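A.B. asks: Please model the entire structure based on the sequences and the hints provided.
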Amino acid sequence: MKNEEMIRNIQDGDKESFRIFYEAYADYAIRTASAITRNREMAKDAVQETFIRVYRQIGSYNPKLPFDPWFYRILTNECLRFLKKESSLSKFEHPDLENDPSLAEESFDHLSDLYNTIQSLDDMHRIPLILKYVKGFTENEIADILGLNVNTVKSRLFKGRKRLKEQLVPMIKEDDFQ
Amino acid sequence: MSQFDKRVDKELKKRTELETIGLKDEIWSSLEKELFSDEQANKGEMKTMKKKNRVIPIIITTAAALAIAFSLQTDTGMAFIKGIKDMFVPEKEINQSIEGQDEATKVNLNEGTNSEYIIYVDETRYKMINGKETDVITTIDPLPEKYPEVTMEIKQVANEKPEDLVGKIEAELKKDFPELRTVETVTEPVEGYWLHGTTGSKWDSKVVTAYIISNGKEGSFVITENYFLEAAEGHGARFHHMLESFEIIE
Numbered sequence: 001m002k003n004e005e006m007i008r009n010i011q012d013g014d015k016e017s018f019r020i021f022y023e024a025y026a027d028y029a030i031r032t033a034s035a036i037t038r039n040r041e042m043a044k045d046a047v048q049e050t051f052i053r054v055y056r057q058i059g060s061y062n063p064k065l066p067f068d069p070w071f072y073r074i075l076t077n078e079c080l081r082f083l084k085k086e087s088s089l090s091k092f093e094h095p096d097l098e099n100d101p102s103l104a105e106e107s108f109d110h111l112s113d114l115y116n117t118i119q120s121l122d123d124m125h126r127i128p129l130i131l132k133y134v135k136g137f138t139e140n141e142i143a144d145i146l147g148l149n150v151n152t153v154k155s156r157l158f159k160g161r162k163r164l165k166e167q168l169v170p171m172i173k174e175d176d177f178q
Numbered sequence: 179m180s181q182f183d184k185r186v187d188k189e190l191k192k193r194t195e196l197e198t199i200g201l202k203d204e205i206w207s208s209l210e211k212e213l214f215s216d217e218q219a220n221k222g223e224m225k226t227m228k229k230k231n232r233v234i235p236i237i238i239t240t241a242a243a244l245a246i247a248f249s250l251q252t253d254t255g256m257a258f259i260k261g262i263k264d265m266f267v268p269e270k271e272i273n274q275s276i277e278g279q280d281e282a283t284k285v286n287l288n289e290g291t292n293s294e295y296i297i298y299v300d301e302t303r304y305k306m307i308n309g310k311e312t313d314v315i316t317t318i319d320p321l322p323e324k325y326p327e328v329t330m331e332i333k334q335v336a337n338e339k340p341e342d343l344v345g346k347i348e349a350e351l352k353k354d355f356p357e358l359r360t361v362e363t364v365t366e367p368v369e370g371y372w373l374h375g376t377t378g379s380k381w382d383s384k385v386v387t388a389y390i391i392s393n394g395k396e397g398s399f400v401i402t403e404n405y406f407l408e409a410a411e412g413h414g415a416r417f418h419h420m421l422e423s424f425e426i427i428e
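Protein sequence lines correspond, in order, to chains A and B.
So for the first sequence, the working numbering puts the first residue at 1; every next one is plus one.
So for the second sequence, the working numbering puts the first residue at 179; every next one is plus one.
Since the hints were derived computationally from the structure, they do not count as laboratory data.
Keep in mind it's a predicted model, so treat the numbers as computed, not measured.
No false leads were slipped in.
Here are the simulated EDC-like pairs of lysine to aspartate or glutamate, each with C-alpha atoms no more than 20 Å apart in a straight line:
| id | chain 1 | residue 1 | chain 2 | residue 2 |
| --- | --- | --- | --- | --- |
| 1 | A | Lys85 | B | Glu369 |
| 2 | B | Lys191 | A | Asp68 |
| 3 | B | Lys380 | B | Glu327 |
Covered stretches of chain A, going by a simulated chain B footprint (3 or more residues, C-beta under 8 Å):
| id | segment |
| --- | --- |
| 4 | 124-134 |
| 5 | 150-158 |
Here a beta-carbon is modelled for each residue, glycine too, at the ideal position from N, C-alpha and C.
C.D. replies: Following this line, the structure appears as structure tokens:
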């Protein structure tokens with residue numbers, strides 16, 4: 001079923017089409033939400049709310065524009081909303097890895113967890129990186145999703161990757177990446 | 179794709195896959211209950227409606243305060259409003275993220291014309307000017323001429339619902355922002371329609387962000403933020419945080 005047809009059917013309240021749509025979009029939506037929220041339960045709630053919003057508000061989608069950025073904008077907003085709501089708990093569960101002294105040590109063991117290093121970046125650099133690598137969005141699409149200028153996105157991706165590389169220098173040397 | 183990109187890509191996919199096992203079915207099961215069971219769907223609708231009108235539930239929560247207020251004041255209307263305002267602290271400190279840095283900011287309680295809403299304003303940087311029809315939050319000192327306008331206007335349109343008004347506002351904004359984005363609905367910082375446009379990608383290109391939300395009755399509030407591209411993460415972010423404190427007083 002083509003996207004346009006699926007969206008039309010969902011607008012008509014067709015459960016089967018919504019199920020097909022869910023099957024097609026849920027995996028990457030869950031992965032993205034899990035990476036953004038860093039919390040399984042919050043990711044679950046954010047994805048659930050996203051699909052509910054999509055089902056109820058699909059009429060506000062402009063079919064002339066690409067669907068994925070529209071969908072992921074809702075998802076990202078929901079993740080940020082849940083993160084904000086749970087910010088104190090989130091901080092408690094996820095200490096500030098960026099300032100973790102262990103990250104300053106040039107120890108392969110400490111720096112080998114690339115995922116944690118990504119997650120230690122601040123949101124403005126972390127979220128564009130997640131959108132780029134988890135779902136493979138282009139800079140223009142990320143700009144559209146986050147409501148930012150494309151040059152801002154380019155700069156954030158550049159800085160985010162630079163920070164990652166800086167933190168991962170021992171590992172990069174080890175693996176001869178450069 | 180460089181080796182570095184490949185490694186990041188692989189690691190993110192691997193980790194997110196591990197962390198999400200089992201969630202897909204769990205979420206679908208909840209969605210089925212929420213969307214396709216009549217009873218639950220009705221409940222969900224009620225929940226949404228409640229959230230949509232971001233109006234202070236004053237009747238019950240301030241009953242005691244009002245009883246005192248009414249007994250002390252002859253102007254009952256004013257007492258009513260004062261009672262509601264008393265629910266909010268006059269000054270508080272909030273933590274906001276500005277350009278990626280957390281910043282503690284003191285904000286002060288301000289009210290709209292005729293006390294129709296309240297908003298906390300960062301009065302170290304901005305002032306609120308109450309007008310007859312429109313209230314404006316702008317920088318304390320005017321910006322030098324080379325900078326485009328930096329304002330957040332709040333206006334109530336008492337007789338038009340957001341869904342009736344959104345098309346008109348969109349057409350109006352398109353005159354100055356021909357590449358205005360498609361209208362979307364948002365839940366943050368307020369719940370309603372969101373319109374956004376820029377005039378280009380230079381540092382001083384104008385940016386407009388407008389929200390059209392229900393006033394809890396038959397009308398709307400239109401909140402229009404004006405700034406410029408380079409100020410998006412400064413003034414833009416500060417306006418966003420201030421707007422998060424916006425509450426309608428019914």
